[in-house]
Structures are given as C-alpha cells and as structure tokens.
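Novice: Heads up: the sequence lines are chains A and B, in that order.
Our numbering numbers the first residue of the first sequence as 1 and each following residue consecutively.
Our numbering numbers the first residue of the second sequence as 191 and each following residue consecutively.
Derived from the structure by calculation, the hints contain no laboratory data.
Mixed in with the good hints there might be a few duds.
Computed far set for chain B versus chain A, every beta-carbon distance over 12 Å [said to hold, decoys possible]:
1. E223
2. R257
3. S282
4. V337
5. C357
6. L385
7. K391
8. I395
Restraint ranges, calculated between C-beta atoms of paired labels, are given here [to be verified]:
9. E392(B) - L54(A): 31 to 41 Å
10. E223(B) - G47(A): 53 to 63 Å
11. R359(B) - Q168(A): 45 to 55 Å
For glycine and all other residues, C-beta sits at the position ideal for the given N, C-alpha and C.
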Amino acid sequence: MKRLCVLCGMFLLIACRRDMQDQPKYRPFRKSTFFGDERSARPQVAGTVGRGQLHEDNLLFSGKSGTVFADTFPVPVDEALLRRGQERYRIYCSPCHGLLGRGDGMVVRRGYRPPSSFHVERLRAQPAGYFFDAISHGFGAMPDYAAQIPVRDRWAIVAYVRALQLSQNVPLADVPADERAELEKGTATP
Amino acid sequence: MSQTFHHSTNTLSKLSIFGALFLVVGALWVTVEVNRSPYVTQEGVAREQPVPFSHQHHVGGMGIDCRYCHTSVEVSATAGIPPTKTCMNCHSQIWSNSPMLEPVRASFRNDTSIEWTKVNDLPDFVYFDHSAHVNRGVGCSTCHGRVDRMPLMAQAASLQMEWCLQCHRQPERYVRPQAAVFDAAYEPPADQRALGSRLVKEYGIHTRTSCSTCHR
Chain A
1 MKRLCVLCGM FLLIACRRDM QDQPKYRPFR KSTFFGDERS ARPQVAGTVG
51 RGQLHEDNLL FSGKSGTVFA DTFPVPVDEA LLRRGQERYR IYCSPCHGLL
101 GRGDGMVVRR GYRPPSSFHV ERLRAQPAGY FFDAISHGFG AMPDYAAQIP
151 VRDRWAIVAY VRALQLSQNV PLADVPADER AELEKGTATP
Chain B
191 MSQTFHHSTN TLSKLSIFGA LFLVVGALWV TVEVNRSPYV TQEGVAREQP
241 VPFSHQHHVG GMGIDCRYCH TSVEVSATAG IPPTKTCMNC HSQIWSNSPM
291 LEPVRASFRN DTSIEWTKVN DLPDFVYFDH SAHVNRGVGC STCHGRVDRM
341 PLMAQAASLQ MEWCLQCHRQ PERYVRPQAA VFDAAYEPPA DQRALGSRLV
391 KEYGIHTRTS CSTCHR
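Extracted from the complex, chain B is given alone in its bound form (with noise of 0.2 Å):
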C-alpha cells in the first residue's frame, strides 16, 4: 500500500508545530502591545468638548498659572475642575457675545453643569493625590505633558500602571525644585540625575511600589 501523505510531509508537521509556538507568542505579543497603544490608551487623542476651550490659548498665550483655574491642586486629591463662575470671571467681558461660548452662559444663566468630558480618566481602583505630587516637586508636565501647546486637551501619557512605576521606581529620573512645578515649559536639566537624587532627599520622597499606595 503506498504512502497517502508524502515523506516530505514529516518535515512540514514538524515545521508546523514548531510555528505554532511562534504563532501563539506572536498573537500574545500583538495583544500587549495593541494593549499599550493610543487605540486602546486614548493617548495623544483630542477629546471633543462641549466647548473647545483651548490651553495652548490660554496657558502658552495668555500666560495664565495652572492654579488660577485647578484652584485646589495643592490642598486636594483632586486639581478642581472650575466652576463656569471662573470662565465668567473673564469672558463676561471678553469674546462675551462669541456664539462658541454660548454653552457657558448658558451654564451661568441657568445653573447648569457643563459636561466637561474627562480626559485624564484613571480607573476608580485607582485613588491618585494631586497634591501628594505636586507639592514633592513633580511638574504638571511630568504627566499632563506640554497643556500649553494642546488646543484641545489629550491625553500625554498611556496612564497605564507601568507608566507610573516608572516614577515610583526611580523618582529621581522625574523631580524638579519645587518652583518649577507648574512651569508648563520646563525642561529637565542635563544632570537630571545628580538634581533629582539631591531632590528625592531634599523633599523626602520614598520609591512606593506597594499595591496599597495607589489601590484601596
């Protein structure tokens, strides 16, 4: 009786079982990184808005400080998104009849809420202090990346954990002097390093990679 599959065919099983390793390591690989990506991430993408506010026109151009509007960054787990009072504070008189601003008047005629879309959305295990980070020398840019040259507010980083280990592992890679934190422009020195190890030191600062520190 002949053979029904050719003798070649051994070395193609062989071939085949040794590609289905590779196949499955490449299929677990492609998830991971798709995993990493701005498509799942939403890094770099530009939320839409109920109202186009722009940083890079009101923090790059008008010069205007972080904490004028996050009035409670410093004291707070959370930077405070402002109240429409605080647009009013200006706009009652500046581009006051600008039909892209109608939503805010609206909000202050009627003492309504404008739905801000959330960018920076970290999961709710997650319980982040602003103000346990700013106030031990890490920038908003640190994070938040260049707002002053963001039109529309996107994310800067993947806020995936091992985005914050990163920090949390080596603080001294990331801190600057304390008044420099809100300078949206900052840019590291060349000793890093030496600055960031006298800093770490300086504002007592402790590598915290224990599961309780961010998840309760």
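Pulled out of the complex, with its shape left as it was, chain A reads as follows (with noise of 0.2 Å):
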C-alpha cells in the first residue's frame, strides 16, 4: 500500500517538468522584466574601459599610422591570414561586393546601391588602412561591419582583398608559361 502511494505520488509529480524546464533566471537574450528596456542583457557602462578595450595600438585600431593611412598591415600577412580572409570575405562582403569583388553580389541584384568594384584604378590605389576603415566605420551606402566583423578578422579581409586585386590585374607575362597557353585558349576556369 505504501509503495502504491508513493507510485501515484510520481504521478502527481510528472507535472512539474516545465518549471524545471523554463526557470527564473536570465539565459541569452531573455526577456527581462527588471530593467527599463527589457533586456537581460546589459550594455557597457558609460566611461569604463574592459580589459582589452583599451585599443593602444593605433594602426591594428584604426588602420592609420599618426592621422594618415597606413599601407601596412599590423599583423603578418601569411597564408593562413589570407584563407581566414577568404573565409571572411564570402561570409561578410560577397553578398554586395561579389565573390570577385566587382560589385555584383545578390544583395546588389535585388536592388541595393552597388559599391565600385575593387579593380578600378581609385581602389587599387588605397592603401591597406583605407580598406580597414571602410569596414570599420562603413563608407557611402555601405553600413559599418563593426559589431560583426572583430578587428583581426578586418584585417584578414583586406589582405584577402588585395589578394582580388592583384588576381585580377595581372600582366600576362607574369604568368607561369605553361599556364598561360591555357589562358589564351580562354579555358582556364577562375
């Protein structure tokens, strides 16, 4: 008899599963009740500086060296910071800018302001900095990638970009010579 009852005291009990399941505490973008803008999370407070906030280093920063832009790059320029540029690349600024960096991404194509492609003349140009600043701060139409893109990562991207440009400007006669026959025949596949 004891036992039948301790049985249906279970019973009574599968009940509380939910409030196990939904508890009174914040998690990830929880609704909050308790301050003004009902959110759980919190931005940072007015005048204070986080540890790493402080952003010392000009150049990694700002893309600037003094108050000009700088043609150099803060990190080493490798092959591992051009493939995470690549990687970068497609995810953030392949949908205006194109896989090629013409300009020709969809969101362009569904009707967004397109931006100059990176092979004009203007653009080649720039130095390394300019690009890391457009990125950071946004330039005409394009919004700024700030709160998406973390600094290093930036500076992948501009490698990358280079690495577009110089792909698509290359004299003919900087090809391997073996390669190049396949070229003229126009087989070549980018």
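Both chains are given apart, each in its own frame, so use the hints to dock them into the complex.
Specialist: Have a look at this one:
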C-alpha cells in the first residue's frame, strides 16, 4: 500500500517538469522584467574600459599611422591570414561585393546601391588602412561592420581584398609559361 | 442455491486480469509515444514571429552564410540572434517601404528589441555550446535541418535527450568535414561511417555521455 502511494505521488510530480524547463533566470537574449528596456543583456556602463578594450595600437584598431591611412599590416600576412580573409570575405562581403569584388553580389542584384569594383584604379591605389576603415565605419551606402567582424578578421579581409586586386590585374607576362597557353585558349576556370 | 454468475465468467475474469496488464502497458506506451510526438516536442511546427522572416529566402535564395547574422556561433555558446542593425544593413535600402518590415524599422528607430519567438528552445537545465559543436565537424543542418528550405522557422528535431544521445554515443554517424559545417545543403557521403571514424580521430571527438557534459 505504501509503495502504491509513493507511485501515485510520483505520477502527480510529472506535471512539475515545466518549471525545471523554464527556470526564472537569465539565459542569453531572455526578456527582463527588471530593466526598463526589457533586456537582460546590459550595455557597457558609460565611461568604463574593459580588459582588451584599451585599443592602444593605433595601426591595428584604426588602420592609420598618425592620422593618415597606413599601407602596412599590423599582423603578419601569411597563407593562414589570407585563407581566413577569404572565408570571412565570403561571409560578410560577397553578398554585395561579389566573390571577385566586382560589386555584383546577390544583394546588389536585388536593388542595393552597387559598390565600386575593387579593380578600378582609384581603389587599387588606396592604402590597406583605407579598406580597414571602410569595414570599421562604413563608406557611402555601405554600413559599418564593426559589430559583426572582429578587428583581426577585418585585417584578414583587407589582405584578401589585396589578393583579389592582384588576381584581376596580372600582366600576362607574370603568368607561368605553361598556364599562359591555357589562358590564351580561354579554357582556364577562375 | 443457484450460482449468481454463470460458469463462463470464470474465464472472463481471468481474461480481464490478463487484459488489464495489456491495458497498463498500452497506456504507458501511448504516454511515451505522445511525449515523443510533435504535439509535445513541437518538431516541425512553424512558429509565429513578429516578422515572418524567411530563412528559405535569405539562405536558400540569396546564399547568405549563417555567420553573417549568427556571428558568435564559432566562439560562443550561443549562436546569436542578430541585432536589428544587421537587418538594416540591407533593409535600409531593400524593401525599405514594405509594411511587413515595419516592426524592424520601428525597432531600429526606437532602439527597442524585436521579440522573436525562440524556436529551438532547450530546457534551462541543458547547457548546450554551439562553438564546441561547429568547430568539431557538427554541421548546422545536422540539428537545425534544411533551414534553407524553411519559409518560417521550425524545429527540425525533437530536441529530446534521446535525440542528443544518438550523436553523443556515435558521433561518427554524423560528423562532417569542417569545411562543410555551414553548408545547409550538405548530404553525407555513402561511406559516412569510414569518413566519420576518420574525422572523429582527426578532430579529437570523444563520446561524451556523462550527465555533467550537458547538465550542471
């Protein structure tokens, strides 16, 4: 009889499942009834500087040396950086700029104001810091990507944009002899 | 004195005792199956949202990478619900007069949050970490399904513990090459077992089935 009572009691407890599933605590993005803006995620307190937020390295965080755009990179440019840049470019930039940087991405085809191609003389002549600044603060119709792309990834993207510019403007003489014939036939795939 | 019950009721009573056993087992089975059904788990049920955001259009149609919006998925436990600013990156110019997008514009103007309905809502006692999974060859679509074919977001799996454990016990059945993690249309190859076993070794994946792996 006692066992039966315990068993019945356990059946009654089945209904308690929900409370454990939805506990009165903050998980990411959960609504708050305490704060005025109803957000549990709080903005940084004004006038405070968190660890890693000092941004002392001017070149790394602004793309400038002094007050002019620098044409040097604050990080070593190697294959790993270019691969990272390619991946990040395809995520964040290609929707508008297109995979080759011609300014013909899908979003542009749907009506967004087309960006300039990276392969015009004006942009080929710009220093690396100029592109870093455009990503960080936006340029013209382009919004800023400061919240979406961390600083080091922005530099990786800049390096990849440089590689794209190189790739689209190679004198035929620089192409290895065996592949030159391929190019002249027009069968090479990009 | 004549008997109250006919002789055949002996058989009937034996049968009903036997039948009661089936009835109890049957009732338990029905309970278990109802608990697994989409009625309880909400699997495959499209939720209503303040704005009818279509992953099918943005991912399938436009080819936008998951990480364009879910920026923290590789570095954090949560994949990240994009702030309204991310929507406005494009929608300041595209469909900028659409009445359907008015809640987005209002959110941007007034600096208020859009109250999205959480679709893949794990119980609060589960501590799932996106970064731990996507950096070890678990693809988005393994858990979230063909998001690129969902006009409205729906859970693709039951999200019950038995479902989690399928992979935690045999990760080699599900892991894919790291380069394909964000490919919504990825199909596992015919030799998934062989590929999976190799990747499990390469990525250093352990079969984690201890309670404290997910529950704290």
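Novice: Could you run down the list of hints and mark each one as holding or not?
Specialist: Checked hints:
1. E223: With a cut-off of 12 Å, E223(B) remains clear of chain A, as the shortest Cβ separation is near 16 Å.
2. R257: About 5 Å separates R257(B) from the closest Cβ of chain A, which leaves it inside 12 Å; violated.
3. S282: violated, 7 Å
4. V337: holds, 16 Å
5. C357: Non-interface label stands for C357(B): nearest chain A Cβ at 21 Å, farther than 12 Å.
6. L385: holds, 22 Å
7. K391: Holds, since 23 Å exceeds 12 Å.
8. I395: Given a closest Cβ separation of 22 Å, the condition holds.
9. E392(B) - L54(A): 31 to 41 Å: holds, 38 Å
10. E223(B) - G47(A): 53 to 63 Å: holds, 58 Å
11. R359(B) - Q168(A): 45 to 55 Å: Because 50 Å falls inside the window, the suggested range holds.
Checked against the numbered hints above, the structure violates hints 2 and 3; every other hint is satisfied.
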